[in-house]
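Protein chains: 2
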Amino acid sequence: MRAARRVPRGYWKIGDDVAVIRGGRGRVVLKVDMLVEETDVPPGMNHRQAARKAVAMCVSDFAAKGVRPDSFMVSLGLRRGTSQAKAAMLARGFRDAQDEWGLNMVGGDTNEAGQLVIDCTMVGFAERVVGRRGARPGDVAVVTGSFGYPPSGLAIMAAGAKAERGFRARALKTVVRPTPQLGVGLALSRYLTSSMDSSDGLARSIHTLAAESGVGFDLDQLPVARGVAEFAEMNSLSMRDLVLAGGEEYVIVGTVGARSLRAAAKAASAAGGELIQIGHVTSEVGEVHLREGGSMTRVADKGWTHLA
Amino acid sequence: MRAARRVPRGYWKIGDDVAVIRGGRGRVVLKVDMLVEETDVPPGMNHRQAARKAVAMCVSDFAAKGVRPDSFMVSLGLRRGTSQAKAAMLARGFRDAQDEWGLNMVGGDTNEAGQLVIDCTMVGFAERVVGRRGARPGDVAVVTGSFGYPPSGLAIMAAGAKAERGFRARALKTVVRPTPQLGVGLALSRYLTSSMDSSDGLARSIHTLAAESGVGFDLDQLPVARGVAEFAEMNSLSMRDLVLAGGEEYVIVGTVGARSLRAAAKAASAAGGELIQIGHVTSEVGEVHLREGGSMTRVADKGWTHLA
Chain F
0 MRAARRVPRG YWKIGDDVAV IRGGRGRVVL KVDMLVEETD VPPGMNHRQA ARKAVAMCVS
60 DFAAKGVRPD SFMVSLGLRR GTSQAKAAML ARGFRDAQDE WGLNMVGGDT NEAGQLVIDC
120 TMVGFAERVV GRRGARPGDV AVVTGSFGYP PSGLAIMAAG AKAERGFRAR ALKTVVRPTP
180 QLGVGLALSR YLTSSMDSSD GLARSIHTLA AESGVGFDLD QLPVARGVAE FAEMNSLSMR
240 DLVLAGGEEY VIVGTVGARS LRAAAKAASA AGGELIQIGH VTSEVGEVHL REGGSMTRVA
300 DKGWTHLA
Chain B
0 MRAARRVPRG YWKIGDDVAV IRGGRGRVVL KVDMLVEETD VPPGMNHRQA ARKAVAMCVS
60 DFAAKGVRPD SFMVSLGLRR GTSQAKAAML ARGFRDAQDE WGLNMVGGDT NEAGQLVIDC
120 TMVGFAERVV GRRGARPGDV AVVTGSFGYP PSGLAIMAAG AKAERGFRAR ALKTVVRPTP
180 QLGVGLALSR YLTSSMDSSD GLARSIHTLA AESGVGFDLD QLPVARGVAE FAEMNSLSMR
240 DLVLAGGEEY VIVGTVGARS LRAAAKAASA AGGELIQIGH VTSEVGEVHL REGGSMTRVA
300 DKGWTHLA
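Chains as they are written, first to last, in numbering that gives the first Met the number 0: chain F, 0 to 307; chain B, 0 to 307.
Bound-form chain F, shown alone:
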C-alpha cells in the first residue's frame, strides 16, 4: 500500500519499520479510529469511498478540536484474495484524502482479516486543543451545520426508505462522502470553550459535553436539515430521532462565550461554513432540555450504535 505522493523534508518515505515525521509546535495530537466493513461500510459504498471515509473519521475529530492534522497512517485488514482492483481503489481513496485535507500518508501495515478493516491513525500539532470540559453556564450552544441527512441516507440505502429525488441524492452523498468541517473547526478553535464531533449523534454529543463540563443545556431549536421533516413524515419516522439520535454526522457541536458569538459566527462564515445557535448552557448538571411547542422536554442520551 504505497499511496503517499509527496515526501516533505523531514519525513521518511513509507516502507521502514517506523514512520518518521517532522515535529511541530506545541503538543502532539493523536487519533486512531477503526472502520469495520460490517458496521461502517453501508451497502453501495465502494472501497475508494471506504478508504476516504476511514481518514475522514479522524479528520472530523481534529476539526472538532480545532487542530490541523499533519499526517496519517493506515493499518489494513483485507479479506484473503482481495483483488488488485479493490486494493487499487483503497489506495485511490487514501490519495483522495491526502489531496482533500492536505495530509501526508506516512505509513501503513497490511494484514489478512475476515473482513475489510481500515484503522486510521492521525497526528497533528497544536498549542491549543479544544476540550470537552470548558462549557460554562451562560455560554451559547452552537453547531456548525444541520442534522439528519446521514441517518436519512442510511435509511434509504439499508432499509429502502422512500425519498424525494433531490433529498435522496443529498442524503446519500453525506453517507458515501462524509465531509468533516476542517476549515470551520480551525477557524473556530479560538472561540470554542468546549466542543466535540457528532459521530454518535447530536444528543450524545450534547450530553457528553454536559457531563464532562459539569453543566446542562437548554436547547431552543433543533438544527433540522432541509427536507428531513418531509422525509420523516413520508416514512413514518421520528424527525426528532433523525436529528438527535442519528449519528454518522460530521458536524461540530460546541459552546462559545456569549460575547464571542458574533466573532465566532463571522469566522465560521469566512471559512465557508455557518454557526447555528441552538440554545445555551445551564448550571443544571447533566440536564438537557429542548423547547418544543412552548414547553421544555427532556432530551434523552440516545446515541448511534452503528449499522448493525
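Keep in mind the hints are simulated off the structure, nothing from the lab.
Virtual Cβ for every residue (Gly too), placed ideally from N, Cα, C.
Errors might be hidden in some of the hints.
As the list claims (entries may be wrong) - According to the in silico footprint, chain B covers these stretches of chain F (three or more CB under 8 Å from chain B):
#1 15-21
#2 25-38
#3 57-70
#4 106-120
#5 127-140
Said to hold, decoys possible - Straight line, CA to CA, 30 Å or less: simulated DSS-like cross-link-like pairs of lysine-lysine:
#6 F:12 / F:85
#7 B:172 / B:85
#8 F:172 / F:301
#9 F:161 / F:301
#10 B:172 / F:12
#11 B:12 / B:85
#12 B:301 / F:301
#13 B:301 / F:85
#14 F:161 / F:172
#15 B:172 / B:301
#16 B:161 / B:265
#17 F:301 / B:172
Given chain F, work out where chain B should sit, using these hints.
Coordinates of chain B only, in the frame set by chain F:
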C-alpha cells in the same frame, strides 16, 4: 477500555475525541501494527497475552530503530458478546505493556468486529532514527540474539511437534510472551549503520537491508538458538528454515562499522543483551550467501507469512 494508569503532565486522560501528549525533542516517530486473531494469536494465547503482544510488536520496531517509545493507543475490534472477563484481560495486558516498557496509554477506540483485532499505534521522539539504507561494504552484520525459538514454539502449539521439556517451555514462552530488545536497541542506536526488526524472519530482514542499502551480505554462521538443531532433527524439520525463515522473531538485525564493533558489543552487554557477529556486508547488490561446510550457498528471500 480505560487501562491507563498515570497521566503525566502535558498529557490528556483517555476519553476526549483525540489523545494529547507532550512533544519531545527531534522528529516524531510513529508505528502502527495490527494484530488479527486468526493470524497472530496462536491457540493457547489468552487475551491478556494477546494485548501485550500487540504492543510488543510496535515496541520491537522502535527497539530496532533505536528510539524510545513514549505512548501508545489501541484500536480494538471485539466480537459481539465479548465477555467482561475477556475485556478485563485485554486491559490487564495493556497495563502489563505500560509497566514493562514505561509507556503511557493515551487513547483507544472500541469497535465490533468478526474476530479480535488489536491495532496498536505507538509514538516516540528521536534526534536519530536508524534506517535501513546505511549498510556499507565492510560493515559487520550483527544480530542481538539467536533465532529459532518462536517458529519451534509455533510448531509445537499449532502442529503438535515433539520437544524436550526445557526446550518446549523456552520455545512456548517466546510465542506467548515475545520480548522485544528495547534496552539493547537504545544502547546500540549510535553504533548501527542500518537495522530492522526480524518479525518476518532473519533471511527476509537481511535481504531487505541488502536491497534498501544497495549491498550484499556474506554470512559466516547462523545464529542458532540452543536446542533448535535437536528439535529440528527430532521432528524432521529444516534447522536452516527454522532459523532463517521462521519469523515472529524479536531480535534486531543490523550492521555496524567494523571499527565500532567492539564498543557496540560492550554497549549491548551493558544493556543486558548480546551482539552476535554473523558476517559482513559486501558490494554484491542483493546477494546474500551463507558459508556452509566450506562453501558459500545462496540464502533465499524466504519469509514468514503468518500462522494461516
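Evaluated hints:
For the region 15-21 of chain F, the stated coverage by chain B holds: 7 residues have a C-beta nearer than 8 Å to a C-beta of that chain, and at least 3 were required. Counting residues of the region 25-38 of chain F whose CB lies closer than 8 Å to any CB of chain B gives 12, so the stated coverage by that chain holds, three being the minimum. Only when three residues or more bring their CB closer than 8 Å to a CB of chain B does the claim for the region 57-70 of chain F stand; here the count is 6, and the claim holds. For the region 106-120 of chain F, the proposed coverage by chain B is satisfied: 11 residues have a C-beta within less than 8 Å of a C-beta in that chain, meeting the threshold of three.
For a cut-off of 8 Å, the count of residues in the region 127-140 of chain F with a CB near a CB of chain B stands at 3, and the three-residue condition holds. Pair hint residue 12 of chain F plus residue 85 of chain F holds up; C-alpha atoms about 23 Å apart against a cutoff of 30 Å. Restraint check: the Cα-Cα separation between residue 172 of chain B and residue 85 of chain B comes to about 21 Å, which is no more than 30 Å; the hinted pair holds. Distance hint between residue 172 of chain F and residue 301 of chain F is fulfilled; the C-alpha atoms sit about 25 Å from each other, no more than 30 Å.
Among the hinted pairs, residue 161 of chain F with residue 301 of chain F is consistent with the structure: their alpha-carbon atoms are about 24 Å apart, no more than 30 Å. Restraint check for residue 172 of chain B and residue 12 of chain F: the C-alpha separation of about 35 Å exceeds 30 Å, so the hint is violated. For the proposed pair residue 12 of chain B and residue 85 of chain B, the alpha carbon gap of about 23 Å is at most 30 Å, so the pair holds. Distance check on the hinted pair: residue 301 of chain B and residue 301 of chain F sit about 53 Å apart at the alpha-carbon level, beyond 30 Å; violated.
Between the alpha carbons of residue 301 of chain B and residue 85 of chain F the distance comes to roughly 27 Å, so the proposed pair stays at or under 30 Å and holds. As the CA atoms of residue 161 of chain F and residue 172 of chain F are separated by approximately 16 Å, the hinted pair is consistent with the 30 Å bound. The hinted pair formed by residue 172 of chain B and residue 301 of chain B meets the criterion: a straight-line CA distance of about 25 Å does not exceed 30 Å. Of the pairs offered as hints, the one joining residue 161 of chain B and residue 265 of chain B is violated, with about 37 Å between alpha carbons and a cut-off of 30 Å exceeded.
Our distance criterion of 30 Å between C-alpha atoms is broken by residue 301 of chain F and residue 172 of chain B, whose separation comes to about 46 Å.
In this structure, the hints that do not hold are numbers 10, 12, 16 and 17, in rising order.
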